[in-house]
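Number of protein chains: 6
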Amino acid sequence: MSLVPPIEYDDASPQVRAVYDDIMATRKVPSVNNFWKVLAHDPPTLRRIWSNIKEVMGPGTIDPLTKEMLYVAVSASNGCRYCIASHGAAARKHGMTEAQYSELLAIVGLANETNRLVTALDVAVDAKFL
Amino acid sequence: MSLVPPIEYDDASPQVRAVYDDIMATRKVPSVNNFWKVLAHDPPTLRRIWSNIKEVMGPGTIDPLTKEMLYVAVSASNGCRYCIASHGAAARKHGMTEAQYSELLAIVGLANETNRLVTALDVAVDAKFL
Amino acid sequence: MSLVPPIEYDDASPQVRAVYDDIMATRKVPSVNNFWKVLAHDPPTLRRIWSNIKEVMGPGTIDPLTKEMLYVAVSASNGCRYCIASHGAAARKHGMTEAQYSELLAIVGLANETNRLVTALDVAVDAKFL
Amino acid sequence: MSLVPPIEYDDASPQVRAVYDDIMATRKVPSVNNFWKVLAHDPPTLRRIWSNIKEVMGPGTIDPLTKEMLYVAVSASNGCRYCIASHGAAARKHGMTEAQYSELLAIVGLANETNRLVTALDVAVDAKFL
Amino acid sequence: MSLVPPIEYDDASPQVRAVYDDIMATRKVPSVNNFWKVLAHDPPTLRRIWSNIKEVMGPGTIDPLTKEMLYVAVSASNGCRYCIASHGAAARKHGMTEAQYSELLAIVGLANETNRLVTALDVAVDAKFL
Amino acid sequence: MSLVPPIEYDDASPQVRAVYDDIMATRKVPSVNNFWKVLAHDPPTLRRIWSNIKEVMGPGTIDPLTKEMLYVAVSASNGCRYCIASHGAAARKHGMTEAQYSELLAIVGLANETNRLVTALDVAVDAKFL
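Residue numbers (the working numbering), protein chains in the order written: chain A, 1 to 130; chain B, 1 to 130; chain C, 1 to 130; chain D, 1 to 130; chain E, 1 to 130; chain F, 1 to 130.
Be careful, since some hints might not be right.
Given that identical chains are not distinguished, each listed pair holds provided it fits within a single copy or across any two copies.
[Stated by the list, open to error] No farther apart than 27 Å at their CA atoms in a straight line, the calculated lysine-lysine pairs in the DSSO-like style are these:
hint : residue 1 : residue 2
1    : LYS54     : LYS93
2    : LYS28     : LYS93
3    : LYS128    : LYS93
4    : LYS128    : LYS54
5    : LYS128    : LYS28
Hints are computed from structural coordinates only; laboratory data are not their basis.
With the sequences and hints as input, model every part of the structure.
Written as structure tokens, this is what we have:
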């Protein structure tokens, strides 16, 4: 429940500030999002989740825009408003256009449709895919 | 249930063959996957779903590789084995490497984790995202 | 896990047999499905779930065919193979045709698609629906 | 996000108005719901989704009331408030009583319960259903 | 939709009051939660669901605190705000600390992550678990 | 897809062996489960997920048995067979009885039922829980 108020930088412990500082430095932003401010009530989880996000969403073999679009797609499929908003903003910062966002949502919708048809019909995996 | 056997091209009605032909021509492949052969028991749905897939996954503002990766991500999140296999194969045909697939799955897993944390903690959307 | 073998009538306790007997009498069938035989390892749950199914799926204001179709639709949406098979069989016994089953699955697929679009786009409920 | 304001008829492009007109004519209603007004930002998706809904929810072998009840059941299972409200209203227009709606929700709840029990217990499909 | 206003004790039928009375007596509380007041529009479902909750959440082989924590975990995984709030309150009444709640959410998040990885990778169950 | 064969210890790179060694030492077991052997194709994910599991499932304010039961409950709710089997085995090692497992599943089923009822009915959170 939103019993949990965000912890602002000025009210944060040194341990929490260290994570906030790393988020701001890594992302080159002047403040951290509410997600981190709420997670901050549990500093080990704050540190652990940030460490995971930093590694998984950091430089790799998939470009940053595609990574954020994948995150948005899963979040849209799961119905997480906050995650759609925050990762949608990140994707736009990396260049996602509104036309691309519309296409992304169309794919999310269609995949959810065909996922159910395939599962309900119990379609056997084609031999060539095994 | 897999009561529903695939309908092979030779056994298909002209209406169904027309869809199979369009799938093969559009995708430049010599045969259609089991999904279509099972859907073929219901020709209107076969035609309708193919029409949707053709439009949504066809040329647009997101490149074909990214489109397939988004499809795989949603299917992996939903646990549709067949869809992971078939769209995973399509993504690989468009150039997805195994390293990229691993990164994709890591994003799917992490998004599912943070989607639940965000929802359970009822994090308010940051004003700048509204 | 399928560590749990079905408990056949001959091996069942009197308490379990009483539930099996009631299922067979209520449904006018000569045996019970695997679901009940597996649940039978936990007699209180067997009794409780049967009592719920008997009440919810029994006579009411929705006809028996529609009730089974609703059960199939939710099960198809959730990807429960067993439930699709068993409630699909029940629906067919009550008269569901294959054409109706195809339409049912088309609705399940489409609802899953539009549910995600609506949620992702955060569409406000129309005033007239409030 | 609800960054996306509904597009009213007077502000819509001819392409979008044509879809609105078809929705109003098909459903014999004086205006379209918010879902369509939000989708209208992406005219191809607006046209495509309407075309799907029109076909799947139009005349077939399942009566209109049952079709809407199936849509409501999936939407209730998936937790899509908007879809429950709008398809619930459509079902009521086709004659769904409050008693029937209560029964529908009871089935949705129970199916979600038994779907999990069946899946967790990995119940084998009865031979007669294969 | 929240078309459904809560039914207060003073406005309830004798049949509904009997359930309210049993809830209050069983739980030693002076009033019932909104969930019951909304379910009360459908007295058979009110009675049936309370009977299930009373049996499943009552004395057994799992202690009351753990039972409530399991309920919260499933509800957090499914994103049911109300259920997280009400069963979270019940768990706290039985002694759940904020540190334990944080650990519970961390487990929910992580299980959702690894559930997807396992399913997407189609990991075979180890022989020793069969 | 199960294209991905498990990587056995003898075939593993030093980097992967180091993780396997830590898993075996931490859990005091002579080998690692298939999940780790499949994840091993992506060493950074293997290391990252193990690090998360080790931290979240390690000593804390919730006892080890309850932690495993929470993991099983979420996995049962999500329908991850492998996770139910492996974390179920871990829970049994920590003392979970079959009677407790039955109660756990009953809670998972019931929570899934009431989660849908609450969400579909859009029950307002009681003031005392805010």
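Going down the list of hints, with the structure as the test:
With identical chains, the CA atoms of LYS54 and LYS93 are at most 27 Å apart within one copy only, with a shortest distance of 17 Å there and 29 Å across copies. Proximity of LYS28 and LYS93 under a CA criterion of 27 Å is satisfied intra-copy only: 12 Å inside one chain copy versus 36 Å between copies. Taking the shortest alpha-carbon separations for LYS128 and LYS93, only the inter-copy value of 13 Å comes in at or below 27 Å, while the best intra-copy value is 40 Å. Taking identical chains as interchangeable, the C-alpha atoms of LYS128 and LYS54 lie at most 27 Å apart only when they sit on different chains, with a minimum of 22 Å there against 37 Å within one chain.
When the C-alpha separation of LYS128 and LYS28 is checked against a cutoff of 27 Å, the pair qualifies only between copies, where the shortest distance is 16 Å, while the shortest distance within a copy is 46 Å.
Of the numbered hints stated above, none is contradicted by the structure.
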